[in-house]
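Go ahead and model the full structure; you've got the sequences and the hints to work with.
Residue-level listing of the chains:
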Amino acid sequence: DAKTTQPNSMESNEEEPVHLPCNHSTISGTDYIHWYRQLPSQGPEYVIHGLTSNVNNRMASLAIAEDRKSSTLILHRATLRDAAVYYCILRDPSTTGGFKTIFGAGTRLFVKA
Amino acid sequence: DTAVSQTPKYLVTQMGNDKSIKCEQNLGHDTMYWYKQDSKKFLKIMFSYNNKELIINETVPNRFSPKSPDKAHLNLHINSLELGDSAVYFCASSQDRYSYGYTFGSGTRLTVV
Chain A
1 DAKTTQPNSM
11 ESNEEEPVHL
21 PCNHSTISGT
31 DYIHWYRQLP
41 SQGPEYVIHG
51 LTSNVNNRMA
61 SLAIAEDRKS
71 STLILHRATL
81 RDAAVYYCIL
91 RDPSTTGGFK
101 TIFGAGTRLF
111 VKA
Chain B
1001 DTAVSQTPKY
1011 LVTQMGNDKS
1021 IKCEQNLGHD
1031 TMYWYKQDSK
1041 KFLKIMFSYN
1051 NKELIINETV
1061 PNRFSPKSPD
1071 KAHLNLHINS
1081 LELGDSAVYF
1091 CASSQDRYSY
1101 GYTFGSGTRL
1111 TVV
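In order, the protein sequences belong to chains A and B.
So for the first sequence, this note's numbering puts the first residue at 1; every next one is plus one.
So for the second sequence, this note's numbering puts the first residue at 1001; every next one is plus one.
Calculated directly from the structure, the hints in this document are not laboratory data.
The beta carbon of each residue, even a glycine, is placed where N, CA and C say it ideally should be.
Wrong hints could be hidden among the right ones.
[Unchecked claim] Reference listing, derived: stretches of chain B covered by chain A, where coverage requires no fewer than 3 residues with Cβ under 8 Å from a Cβ of chain A:
(1) 1039-1045
(2) 1096-1109
[As the list claims (entries may be wrong)] Listed below are the simulated DSS-like cross-link pairs for lysine-lysine, each with C-alpha atoms no more than 25 Å apart in a straight line:
(3) Lys112/A x Lys1041/B
(4) Lys3/A x Lys69/A
(5) Lys1022/B x Lys1071/B
(6) Lys1036/B x Lys1022/B
(7) Lys3/A x Lys1041/B
(8) Lys1067/B x Lys1036/B
(9) Lys69/A x Lys1044/B
(10) Lys1044/B x Lys3/A
(11) Lys1040/B x Lys3/A
(12) Lys3/A x Lys1036/B
As structure tokens, then:
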């Protein structure tokens, strides 16, 4: 799986939007961009994924740069329950068997009340 | 009902012992995985099974042996435990081997003393 770069940590106030960046300059044309998050003492949880167009779901939005070398996960209104480590991962869907080396350091999001 | 359940949640054992971790999913998924999260929080795949067939076997010591009696279960047996095996082990499942959305269990924290 291609490499991604994320800030180690970010801080947000409750009820405010949060923009979590991810750089993936070596992304290939067939790589999808995935975001997972891991709450304390839990397993990772799927958040969102996309290829080229921006995506929205009930949890978040994903904004993908036109050249696809970067993306941003947007939490529209951060809550205390959103405090977690957020992972940006690339994967070619034709790759069988699952994400391999994944879930690097990620971005630890702190949410202040 | 928990979608992906692992037992035990905590496991403390002495070096040299043999232990097993069990995983069950009730989602009807075809593919299951074992991941290891080390002290630096990097999550790496160990094994992947699709419909009871082993499809990924990363560079893992042969002291680790997965077993899938049916597609809803994937167990991990570890022989001759070593200090370096201490980690959190996560089981996950996905609809099929190409799926993007994984469901993870809550993890088994293994401590070898």
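Against the structure, the hints come out as follows:
1. A count of 6 residues in the segment 1039-1045 of chain B with a Cβ less than 8 Å from any Cβ of chain A is obtained; the coverage claim is therefore met, three being the minimum.
2. Only residues whose C-beta sits within less than 8 Å of a C-beta in chain A count toward coverage, and the segment 1096-1109 of chain B has 10 of them, enough to reach three; the restraint holds.
3. This hinted pair checks out: Lys112/A and Lys1041/B have alpha carbons roughly 23 Å apart, not beyond 25 Å.
4. Taken as a hint, the Lys3/A and Lys69/A pair is honoured in the structure, with Cα atoms around 11 Å apart against an allowance of 25 Å.
5. Between Lys1022/B and Lys1071/B the CA atoms are separated by roughly 13 Å; this keeps the pair inside 25 Å, and the hint holds.
6. Note on Lys1036/B and Lys1022/B: the hinted pairing holds, with a Cα-Cα distance of about 14 Å set against a maximum of 25 Å.
7. Note on Lys3/A and Lys1041/B: the hinted pairing holds, with a Cα-Cα distance of about 16 Å set against a maximum of 25 Å.
8. The suggested pairing of Lys1067/B with Lys1036/B holds, with an alpha-carbon distance near 16 Å, which does not exceed 25 Å.
9. Proximity of Lys69/A to Lys1044/B is assessed by CA-CA distance (about 24 Å); at most 25 Å being required, the pair is judged to hold.
10. A C-alpha spacing of about 14 Å is found between Lys1044/B and Lys3/A, which places the hinted pair at or below 25 Å, so the restraint holds.
11. Of the supplied pair hints, the one linking Lys1040/B and Lys3/A holds, its CA atoms being roughly 17 Å apart against a limit of 25 Å.
12. Straight-line distance between C-alpha atoms of Lys3/A and Lys1036/B comes to about 19 Å, which keeps the hinted pair within the 25 Å bound.
Violated hints are absent here; each numbered hint is respected by the structure.
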